[in-house]
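Chains as they are written, first to last, in this note's numbering: chain A, 1306 to 1593; chain B, 423 to 681; chain C, 3 to 342.
Hints are computed from structural coordinates only; laboratory data are not their basis. Check each hint, because a few of them may be wrong.
Chain C is nowhere near these chain A residues, computed Cβ spacing over 12 Å in every case [claimed, not checked]:
hint	residue
1	Tyr-1330
2	Arg-1334
3	Pro-1336
4	Gln-1427
5	Leu-1447
6	Trp-1456
7	Leu-1553
Only pairs whose alpha carbons sit at most 27 Å apart, straight line, appear in this in silico DSSO-like list of lysine-lysine [claimed, not checked]:
hint	chain 1	residue 1	chain 2	residue 2
8	C	Lys-181	C	Lys-12
9	B	Lys-570	B	Lys-432
10	C	Lys-20	C	Lys-332
11	B	Lys-570	C	Lys-64
12	B	Lys-499	B	Lys-432
13	B	Lys-570	C	Lys-12
14	C	Lys-20	B	Lys-570
15	C	Lys-12	C	Lys-332
16	B	Lys-652	B	Lys-668
Keep in mind it's a predicted model, so treat the numbers as computed, not measured. Where is the CB? At the ideal position from N, CA and C, for every residue including glycine.
Below, each chain spelled out in residue letters.
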Amino acid sequence: MEILIYGLINSVSLALMALGFTLVYGVSRLPNFAHGSLYVTVGFITWLLLNRLGLPYPVAMLISLGLIALVGAATYNFILVRIRGMAISEIIASYAIGLAILEGLRWGGLKGTTLTLPVFAQGSVDILGVTVDFHRLLVILLGALLVGGLWLFVNHTKLGLALKGMAQDERAALTLGIDSDRMAVFSMALGAVMAGLAALVLLPLGNIVVESGYHVLIMAVAVCIVGGLGSWTGAVLAAFIIGFAQILTTAWMGPHFQVVVALLAIIVTLISRPSGLFGRQKELEERV
Amino acid sequence: MSAETMLSLKGVTKRFGGVQALTEVDMEVRRGDILGIIGPNGCGKTTLVNCITGFVRPDQGQVIFQGRDITGWPPHKIADLGLTRTFQVMRPYYSLAAYKNLIVPLFSPRARRTGGWRGGGRMGDRNTVAVDILEEIGFERDSYVPYKTASSLPTGYLKRLELARCLALRPDLIICDEVFSGLSMSEMASMLPLMEKLRAEGVTLIMVEHRLRELFSLANRVMVLNFGAKVCEGNSEEVMANEEVKRAYFGSEEVFEYV
Amino acid sequence: MEAVMQSRRKERVDRGIKVRTDGVYAVSSWREITYLVAPRLLLIGGLVFLPLMFSAVPYWQKVLSIICIYSLLAISFDFLAHFVGLVSLGGALYIGIGAYTAALLNTHLGLPPILTIPLATILGGGICTLLLWPCLPLRGVYFAIVSLMFPLLAARVIEALDIFGGTDGILGVAGLPNKWVEMYVLLGAVLIILFGLRRLVNEDVGLVFRGVKDNDQAVKASGINIITFKALGVFIASAMGCLGGAMLSHLYMWAGISQFALDFSIIPIAATVVGGGGTLAGPVLGCLLLVPISELLRDFGTLRIAVYAVILCAFIVFKSEGLMVYGSRKYQQFERWVQI
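Next comes chain A alone, as it looks inside the complex (with noise of 0.2 Å):
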């Protein structure tokens, strides 16, 4: 009972971190690995505003996902827009901005220090025999709440559907009228927000630390591939699959090996199924 219940947590937990990254990936072929580091701002700009501004929660974390939103479109029209299509350039030069964010950060305050943001409900509750607290339920019920809405912006507003056409075919795309770089440099807004508000979610429950930015990165990469580059269903899918995966090496083997488990999976995909649970066949025939 604890397993499931602290897989489903879990699992959640790491869609949450997934799908800002299959967002960008899906829209404009991007693999964003700035990811992780936009997820540590995030936490480390709200934890300024509450305790150096002395904002009430809701509004600090409001004006940080704002904040966040225009990084990551500046991120997108200053430096990544001039090497578009250039993969191998597009990796180093997106990582290298992560890295720059990340250690930066460390270098200027996220040091010695453990900052921590407030949960947003105290106390607990037993389900079944299982002590959980409010805020890991929360947790649930957000990121259902958050794969919800992105389904239905995606598929019922006129932004949401543009961004889906470009997801398929960019050319295509831009001969209909719609602006791909704009539509990127919005994809790269939305995806920093996605990663921001999982911060928001999931930071409450353990300390901001620098760590944590490439840890995210690597889940979500791991979920990404598992799941299929820029597929949401696979995302969702494999994040509970690896999710469950990891809670049960917890239990049986302990915690170190949570990250082998994200590697192992993320190796036996590529062999088996290179293009991931929900690839495209595009893709696939790519690497024949």
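With chain A's structure known, arrange chains B and C on it following the hints.
Quick look at chains B and C alone, frame taken from chain A:
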């Protein structure tokens, strides 16, 4: 000898997601044949080539080359047996000089065994063999053309380069995926004797083509594909006379005037 | 339209001497020979004399050794990325495996450094190739991602299983006889590998590597197993990294999980981008510039990684050709503005 079967396909089927790309295609090619494969755009010609050469694994059916079942083999092993192909979208190594492009196939295990096209064991210097092959296929040896980088060559030469890459392996069967498309009339005219020469030297050819006039002048048998299935097969007169072909593929009589 | 639509463009023309040195006329006079040999001599001579110049400051001699180790990694990154087409973001894996192999051979089997270093190079290269084997069919993004995760994973596994000394690492590795040996062995290795690889990529085997990078489908259609060649490329590259790692563990007389650290992954990449990818000599140049900066910033802790990342980003976006390509263009060509 004429009856020896080089390549036969039995019920080759391939689906991409929900799209039926190939349905139960049977085919037989004998040594020395020039088989033409025609069909409208998107009828599965290139998929068929991909299935034969291992770039795509067929869902069902068998591909048998020289008595060996090569279904699902990786492309490099199939090429090693002597079944090579050109690519419809040309794939030279753009950063290398034209003759250096041939170093790669000449380096392959098969070329080392066979000595390259007419190389006859003088594989000591691959560069020489490479230029020989290029001359054979219509690159002027004493001009700058064989030494220019592939990215600066015009389409006609790139198509020949594709073919040269196959020849370097001394293949038994070459599948030419639209070698004529995109060529000018004079370029095509200079390619035709080349094909005849290859056949005379005992190389079997499968030609996937849109240029019917040139194809019919070469091929001794033609196969028509439509919606991934074989419509009919025979010599060019039979195919052109076939009512089903006219209806299903050519659509109307006018096209024939063009041919 | 008498509006002033004056536009101009830069025209580049090869220098006469460059054209003359292309063919057999290169050896016709001392001028041509000097033109050809000077840059190479400058690099070789510079590298050979640097240790002597710094003989008064041992600290910077140590830095020189570190530069060489990073250069080995940077050359290996450049070779893999630009000649085999595999972008490996995890150079730290090679260093770490080389370091641990050498340390284990030394402390457990008691082999002297003269044996452990070559053994660790070959063995380590083999281990890295085996580890990366499942990922070899992958291209571009996929390979980069997986290779990025390997060093992180290796560190975690050592930590979790508490093998090879766990978090303490392996202590008591034998040192090298003296600092001159360590410096000149490394310098020699860098020079030999640099010129060796430059020759290799123009040999027939090298052309196949480049074919795999340019266009792997055509290589398959030519009857060549690309996995074999990718594995060979990874072996060459990782053996170079392992050589660096083995030297490192003897240099510090220690092997530990910090040898899987991010520095070893990011600095070589930055050096390659700064120095000019695809030139093999460029990465060495990049290391000569970047590693000293890193040493100067050592007091600022992790800020140095952030500084690199920014330099890397700036170069990749604004000057993606890199210093080496820029330099050789200036050396070989005139530039002038022409009116259109």
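Report task. Sort out which numbered hints this structure fails and list those numbers smallest first. Result -> Failing hints, ascending: 1, 2, 3, 8, 9, 11.
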